[in-house]
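S.K.: Spelled out from the first residue to the last, the chains are:
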Amino acid sequence: GQQVMQIPQYQHVQEGEDFTTYCNSSTTLSNIQWYKQRPGGHPVFLIQLVKSGEVKKQKRLTFQFGEAKKNSSLHITATQTTDVGTYFCAGHSGTYKYIFGTGTRLKVLA
Amino acid sequence: NAGVTQTPKFRILKIGQSMTLQCTQDMNHNYMYWYRQDPGMGLKLIYYSVGAGITDKGEVPNGYNVSRSTTEDFPLRLELAAPSQTSVYFCASSSWDRGEKLFFGSGTQLSVL
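Top to bottom, those sequences are chains A and B.
According to our numbering, the first sequence is numbered sequentially starting from 60.
According to our numbering, the second sequence is numbered sequentially starting from 401.
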């Protein structure tokens with residue numbers, strides 16, 4: 060079945076450093092979504108990418124969808140303590156069966 | 401709008417007991433999902449539904465059952481609870497005409513002892 064892996068599993072950065080998490084699917088995706096989950100909370104939607112090679116920006120966050128629609132990345136520029144949490148990618152292969160990635164837990168040291 | 405509402409928030413079960421986790425949404429979403437999240441881990445899809453009367457298995461359906469008799473409600477049934485089902489359960493909903501963004505409930509923390 061469809062599998063979605065993310066690397067790294069954990070990342071500790073100093074405040075102000077950049078951060079990137081990578082998402083890789085075993086199958087071609089119809090779209091890719093990114094979510095953020097704060098400790099003790101539920102996942103909150105950040106963005107959706109649909110087109111091959113698409114790049115979207117939200118302030119300090121940059122999202123990319125690979126040309127083959129099997130991988131994606133999230134890059135945060137100049138991290139802040141408010142960026143702490145776990146970042147998940149999620150996608151489906153045409154069935155609306157959204158499979159989540161394994162997640163990257165970000166810790167920002169002030 | 402309340403969004404996605406899950407009840408109960410916490411529950412402790414004894415091994416072998418059964419229970420139903422309730423999930424309801426008031427956004428008229430056609431897609432609904434149940435995920436489980438073990439401590440420090442990612443979300444695993446248990447079951448999902450693309451509309452009333454239609455359900456399908458996710459990644460980890462064993463030990464669970466669902467039904468979708470109305471658009472609003474998507475209850476998750478645990479039969480013969482086992483310690484391996486100790487987890488946080490999230491219900492989510494989405495709609496194709498709202499970009500398929502998943503809206504999550506606040507979760508049910510379940511312990512099976």
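Don't read these hints as lab results, they were simulated from the structure.
From a predicted model like this one, the values you see are computed outputs, not experimental measurements.
Cβ atoms here follow ideal geometry from the backbone N, Cα and C, with glycine treated the same way.
Among the hints, a few may not be true.
Stated by the list, open to error - Okay, derived cross-link-like pairs now, PhoX-like style, lysine-lysine, Cα gap no bigger than 20 Å in a straight line:
| hint | chain 1 | residue 1 | chain 2 | residue 2 |
| --- | --- | --- | --- | --- |
| 1 | B | 444 | A | 156 |
| 2 | B | 457 | A | 156 |
| 3 | A | 166 | A | 129 |
| 4 | A | 115 | B | 501 |
| 5 | B | 501 | A | 110 |
| 6 | B | 501 | B | 444 |
| 7 | A | 115 | A | 95 |
Unchecked claim - To give an idea of the chain B side of the interface with chain A (calculated C-beta under 7 Å), a few residues:
| hint | residue |
| --- | --- |
| 8 | 427 |
| 9 | 442 |
| 10 | 443 |
| 11 | 448 |
| 12 | 451 |
| 13 | 461 |
| 14 | 464 |
| 15 | 490 |
| 16 | 501 |
| 17 | 504 |
| 18 | 509 |
To be verified - Now the in silico label distances, taken between C-beta atoms and shown as ranges:
| hint | chain 1 | residue 1 | chain 2 | residue 2 | range |
| --- | --- | --- | --- | --- | --- |
| 19 | B | 408 | A | 136 | 38 to 46 Å |
| 20 | A | 73 | B | 465 | 43 to 51 Å |
| 21 | A | 168 | B | 463 | 36 to 44 Å |
S.K.: The structure should be examined with respect to each hint, and the outcome stated for every one.
M.R.: For each hint, the structure was consulted:
Only pairs whose Cα atoms come within 20 Å are accepted, and residue 444 of chain B paired with residue 156 of chain A is accepted, the gap being roughly 11 Å. A hinted pair counts as satisfied when its Cα atoms are at most 20 Å apart, and residue 457 of chain B with residue 156 of chain A qualifies at roughly 9 Å. Among the hinted pairs, residue 166 of chain A with residue 129 of chain A is inconsistent with the structure: their alpha-carbon atoms are about 27 Å apart, more than 20 Å. With a C-alpha separation of about 16 Å, the suggested pair residue 115 of chain A and residue 501 of chain B falls inside the 20 Å cut-off, and the hint holds.
Straight-line distance between C-alpha atoms of residue 501 of chain B and residue 110 of chain A comes to about 16 Å, which keeps the hinted pair within the 20 Å bound. In summary, the hint linking residue 501 of chain B to residue 444 of chain B is supported, as the alpha carbons are separated by about 17 Å, within the 20 Å threshold. For the suggested pair residue 115 of chain A and residue 95 of chain A, the alpha carbons sit about 16 Å apart, so the restraint of at most 20 Å is met. Residue-level restraint check for residue 427 of chain B is violated (minimum Cβ-Cβ distance to chain A is 13 Å; threshold 7 Å).
A distance limit of 7 Å between C-beta atoms decides the matter here; for residue 442 of chain B the minimum to chain A is near 5 Å, and the interface restraint holds. Taken as an interface hint, residue 443 of chain B checks out: its beta carbon lies about 4 Å from the nearest beta carbon of chain A, inside 7 Å. For residue 448 of chain B, the interface hint holds, the least distance from its beta-carbon to any beta-carbon of chain A being 6 Å, beneath 7 Å. Annotation: interface hint on residue 451 of chain B violated; nearest CB of chain A at approximately 10 Å, more than 7 Å.
Interface hint at residue 461 of chain B: violated, since its Cβ lies 12 Å from the closest Cβ of chain A, which is beyond the 7 Å cut-off. Checking residue 464 of chain B against chain A: minimum C-beta separation of about 16 Å lies over 7 Å; hint violated. At a threshold of 7 Å, the smallest CB-CB gap from residue 490 of chain B to chain A is about 6 Å, leaving the interface hint in force. For residue 501 of chain B, the interface hint holds, since its Cβ comes within 7 Å of a Cβ in chain A; the closest pair sits about 5 Å apart.
Annotation: interface hint on residue 504 of chain B holds; nearest CB of chain A at approximately 4 Å, less than 7 Å. Hint on residue 509 of chain B is violated. Least Cβ distance to chain A is approximately 10 Å, over the 7 Å limit. Roughly 41 Å separates the CB atoms of residue 408 of chain B and residue 136 of chain A, a value that falls within the hinted 38 to 46 Å. One distance hint, 43 to 51 Å for the beta-carbon pair residue 73 of chain A and residue 465 of chain B, holds here, with the actual separation near 48 Å.
For residue 168 of chain A and residue 463 of chain B, the hinted distance range of 36 to 44 Å is satisfied, since their beta carbons lie about 40 Å from each other.
Violated hints, listed in ascending order, are 3, 8, 12, 13, 14, 18; each of the other numbered hints is respected by the structure.
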